[in-house]
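Asks: Line order of the protein sequences matches chains A and B.
The first sequence runs contiguously to residue 297 in the working numbering.
The second sequence runs contiguously to residue 757 in the working numbering.
Calculated directly from the structure, the hints in this document are not laboratory data.
Worth double-checking, as some hints may not be accurate.
[Stated by the list, open to error] Below 27 Å or equal to it, Euclidean Cα-Cα: the simulated BS3-like pairs (lysine-lysine) are:
(1) LYS240(A) to LYS749(B)
(2) LYS715(B) to LYS749(B)
(3) LYS681(B) to LYS701(B)
(4) LYS715(B) to LYS701(B)
(5) LYS240(A) to LYS715(B)
(6) LYS184(A) to LYS704(B)
(7) LYS681(B) to LYS240(A)
[Stated by the list, open to error] Quick partial rundown of chain B residues pointing at chain A, CB under 8 Å, derived from the structure:
(8) PHE733
(9) ASN742
(10) PHE747
(11) GLY750
[Claimed, not checked] Residues of chain A clear of chain B, computed beta-carbon distances all greater than 10 Å:
(12) PRO191
(13) TYR193
(14) THR197
Keep in mind that this is a model prediction, so the values were computed, not measured.
All C-beta atoms, glycine included, are put in the ideal place defined by N, C-alpha and C.
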Amino acid sequence: KAGVTQTPRYLIKTRGQQVTLSCSPISGHRSVSWYQQTPGQGLQFLFEYFSETQRNKGNFPGRFSGRQFSNSRSEMNVSTLELGDSALYLCASSLWVGQGGEQYFGPGTRLTVT
Amino acid sequence: GQQVMQIPQYQHVQEGEDFTTYCNSSTTLSNIQWYKQRPGGHPVFLIQLVKSGEVKKQKRLTFQFGEAKKNSSLHITATQTTDVGTYFCAGRGNSGNTPLVFGKGTRLSVIA
Numbered sequence: 184k185a186g187v188t189q190t191p192r193y194l195i196k197t198r199g200q201q202v203t204l205s206c207s208p209i210s211g212h213r214s215v216s217w218y219q220q221t222p223g224q225g226l227q228f229l230f231e232y233f234s235e236t237q238r239n240k241g242n243f244p245g246r247f248s249g250r251q252f253s254n255s256r257s258e259m260n261v262s263t264l265e266l267g268d269s270a271l272y273l274c275a276s277s278l279w280v281g282q283g284g285e286q287y288f289g290p291g292t293r294l295t296v297t
Numbered sequence: 646g647q648q649v650m651q652i653p654q655y656q657h658v659q660e661g662e663d664f665t666t667y668c669n670s671s672t673t674l675s676n677i678q679w680y681k682q683r684p685g686g687h688p689v690f691l692i693q694l695v696k697s698g699e700v701k702k703q704k705r706l707t708f709q710f711g712e713a714k715k716n717s718s719l720h721i722t723a724t725q726t727t728d729v730g731t732y733f734c735a736g737r738g739n740s741g742n743t744p745l746v747f748g749k750g751t752r753l754s755v756i757a
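Next up, chain A with everything else stripped away, as it sits in the complex (with noise of 0.2 Å):
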């Protein structure tokens, strides 16, 4: 069974630009949650997505949004960018939402602004 996909891989923008990133998960998996991930934070939960619902929205400004398709790929965007939005961006699957579910990361989007 093929893992979870993100595209680009890697990503460089200027400030004031935006950005979509691309997730498909693992065949099956109706969950995607997404997450940024910078050196000392750890990995700060941007949404999570159940069948095209958006479950849940962690603490980032209105800049950053998301939706999730009818075949469960998920996509994010983050306008405006700014320098502090340089980050590798994590995209997760799982079966389900909620209570239990473990979640398989892609391999990641590197997104450096300049």
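With chain A held as given, fit chain B onto it using these hints.
Replies: Using the frame of chain A, we list chain B on its own:
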């Protein structure tokens, strides 16, 4: 909101020594999960604990969930160089719709 604290932030050990990382939540958890992230890699699921006082073992790794379901620990016996990486705990609160909150992780270095 729910917070998960993890200590220590870094740990350097000689190969063969034991290692323990501790995880504490500000709220009661329904379950706790542990992940390992190798340098340059992505987090990989290790285990999930659900019951109060639960202890699970995976070879040299022992995982515990506290009686109050607010803390957890991971203990590695006789570390090896393959244990190098960052270990994260992650917990969900008890209420129906809460996200999985990760601790900041403990980075383990093993000196051969």
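Asks: A separate judgement is required for each hint: does it hold in the structure or not?
Replies: Now for the hints, and whether the structure bears them out:
1. For the proposed pair LYS240(A) and LYS749(B), the alpha carbon gap of about 19 Å is at most 27 Å, so the pair holds.
2. At most 27 Å may separate the alpha-carbon atoms for a hinted pair to count; LYS715(B) and LYS749(B) meet this at roughly 16 Å.
3. With a C-alpha separation of about 16 Å, the suggested pair LYS681(B) and LYS701(B) falls inside the 27 Å cut-off, and the hint holds.
4. About 17 Å separates the Cα atoms of LYS715(B) and LYS701(B), which keeps this hinted pair within 27 Å; it holds.
5. Straight-line distance between C-alpha atoms of LYS240(A) and LYS715(B) comes to about 23 Å, which keeps the hinted pair within the 27 Å bound.
6. Straight-line distance between C-alpha atoms of LYS184(A) and LYS704(B) comes to about 26 Å, which keeps the hinted pair within the 27 Å bound.
7. The straight-line distance between the Cα atoms of LYS681(B) and LYS240(A) is roughly 24 Å, inside the 27 Å bound, and the hint therefore holds.
8. Proximity of PHE733(B) to chain A holds as hinted, the smallest CB-CB distance being about 7 Å (cut-off 8 Å).
9. For ASN742(B), the shortest C-beta to C-beta distance to chain A is roughly 6 Å, which falls under 8 Å, so the interface hint holds.
10. With a cut of 8 Å, the hint placing PHE747(B) at the interface with chain A holds, because the nearest CB-to-CB distance is about 4 Å.
11. The beta carbon of GLY750(B) comes within 5 Å of a beta carbon in chain A, closer than 8 Å, and the hint placing it at the interface holds.
12. Separation of PRO191(A) from chain B is adequate, the least Cβ-Cβ distance of about 15 Å exceeding the 10 Å criterion.
13. Its beta-carbon lying about 13 Å from the closest one in chain B, TYR193(A) satisfies the requirement of being farther than 10 Å from that chain.
14. Taking the minimum C-beta to C-beta distance to chain B, about 26 Å, the non-interface status of THR197(A) holds against the 10 Å cut.
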